[in-house]
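Novice: Work the whole structure out from these sequences, hints included.
So the chains spell out like this:
2 protein chains.
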Amino acid sequence: MPLVVVGSVALDSVETPEAKRENVLGGSAVYFSLAARFFTRVRLVGVVGEDWPAEHTKLLEDSGVDVSGLSVVPGAKTFRWRGRYLPNMNDRETLEVQLNVMEQFDPVLPEEHRRCRFLFLANGSTRMQLRVLEQCVGPNLTVADTMDHWIRTEPQELRTLLQRIDGLVLNDFEATLLAEEQNLIRAGRKILEMGPNFVVIKKGEHGAMFFSRHEMYVLPAYPTADVIDPTGAGDSFAGGMMGYLAEQTEFSPEDLKTAMAYGIVVASFTVEDFSVYRLLKIRRQDIDARLDAYRKMLTF
Amino acid sequence: MPLVVVGSVALDSVETPEAKRENVLGGSAVYFSLAARFFTRVRLVGVVGEDWPAEHTKLLEDSGVDVSGLSVVPGAKTFRWRGRYLPNMNDRETLEVQLNVMEQFDPVLPEEHRRCRFLFLANGSTRMQLRVLEQCVGPNLTVADTMDHWIRTEPQELRTLLQRIDGLVLNDFEATLLAEEQNLIRAGRKILEMGPNFVVIKKGEHGAMFFSRHEMYVLPAYPTADVIDPTGAGDSFAGGMMGYLAEQTEFSPEDLKTAMAYGIVVASFTVEDFSVYRLLKIRRQDIDARLDAYRKMLTF
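These protein sequence lines are chains A and B, in that order. Here the first sequence is numbered in full-length UniProt numbering, starting from 1 and rising by one per residue. Here the second sequence is numbered in full-length UniProt numbering, starting from 1 and rising by one per residue.
In case anyone wonders, no lab produced these hints; they're calculated from the structure.
Put simply, identical chains are the same to the list, so a pair is met inside one copy or across any two.
Straight-line C-alpha distance at most 25 Å; calculated DSS-like pairs for lysine-lysine:
(1) K190 <-> K296
(2) K257 <-> K296
(3) K77 <-> K58
(4) K281 <-> K20
(5) K20 <-> K77
(6) K58 <-> K281
Specialist: Here you go:
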């Protein structure tokens, strides 16, 4: 089933202890789309400025992503993020954020997108996420991401959103901030009480935790010796997870856990090169082979 | 098969954001013994001072631990450690260390202990670990722990030790220090090249990594909502792991992975109360039940 993702489309500048890249393709909706397209058709909704290289749009199209929901604002500039990774390659500092077109991002979904059964609300303001949700006609599964900035500045809107979505995906720091609780297990349970049917806490190199009314579990990250650039790992995780779910007819606890595992495996590819380069080089069978290795790793 | 552990026996003072305990039973050899005794007979080798409460020796004896190798030095004081946990309950600061009797700890193993087939060299100086090793008559399996202090102050001795043991167990920070490498996967592989047949990197609340010539994997910690005191988790992990291995006739990769899982599960009990209290309340069937839940958690 097709999957709609609404989120940022960016030009990233990334520094690691080993190398740096300027103005490379990035953004939550881009990483998500390129991860999810291994599993299902993806419709990206986002906004860019006049400075957006046409080759990036072509790259997304050539990868099978529907970019009819990507709008270009004349006279405006694309969202830009600049960050630097610490030597552990897990922690990072944001050096600069230029919101540019993202500041006014308030998408009107094309008719076809509104009837989509799977919706992922990637990075963006909670108000925008709520307005997107209102445009959709009863999706089967709605999952949202959020960030520290929105937890701090739009707490009321976030409370409302949490009661209207099926799942929330956020990182460990954001979970402790939202739940006001340092223990991640208690934090996850507290967020669950705020409304969603499931919560996923992403722990970077330490994997991800899943919470629902009936179960809670932790899965480790797939171990990767060659971490080149962790940017987009979390969005790729969500893309792999939602992409797999969009292939299923129901969402059993087993399906959700397998979806988590696929998300973890896809993210492990993303970090093996800068930007989306690694995601462009792999095929579905590479993902399935690594999923088998991952399953074997966890069997005793 | 009986298992000999040589290491610290301590009186710990622990502060957490919630509570504090003064002079409670602790030490690497104590946690190790009380974890391993669920699986096999354990012979503890350690030293204490005149201030050592006799009830602690009785507690160890009542728990089935052979304490014939525990010596009391007249006129001396027991090793003491004081630490405080940060609100995340994973990181801690050491507030005070009184080495006392541990400063001169140079055990002479009883004859029966020297023929032991399983040996664990817990926290203590590398020189002492080497001298213990020389007293043993061809153990089947020797595993050692080490700490940042010994990595910094006895690097040559540690190089020698690493060529004489089967396995090394250390935490993530110590691994990056020893390997001079921030990526834990590369760090583990580098340590493997220093001599041991396998290396285990303990990641606290994030689980543990295993490295051998033929495989590398990560297992997550068993998720625990009620972390009361993480002290001794690493030593309990080693106790559960070695205890299980001492029950086996060979050490296949499958046995080693199951041993890792047992170590993780035993450690998850240890953190549920101060000192060794939780370990004293559980039985082997509690461990096996949690191992089943852990296996189920990792199956998809």
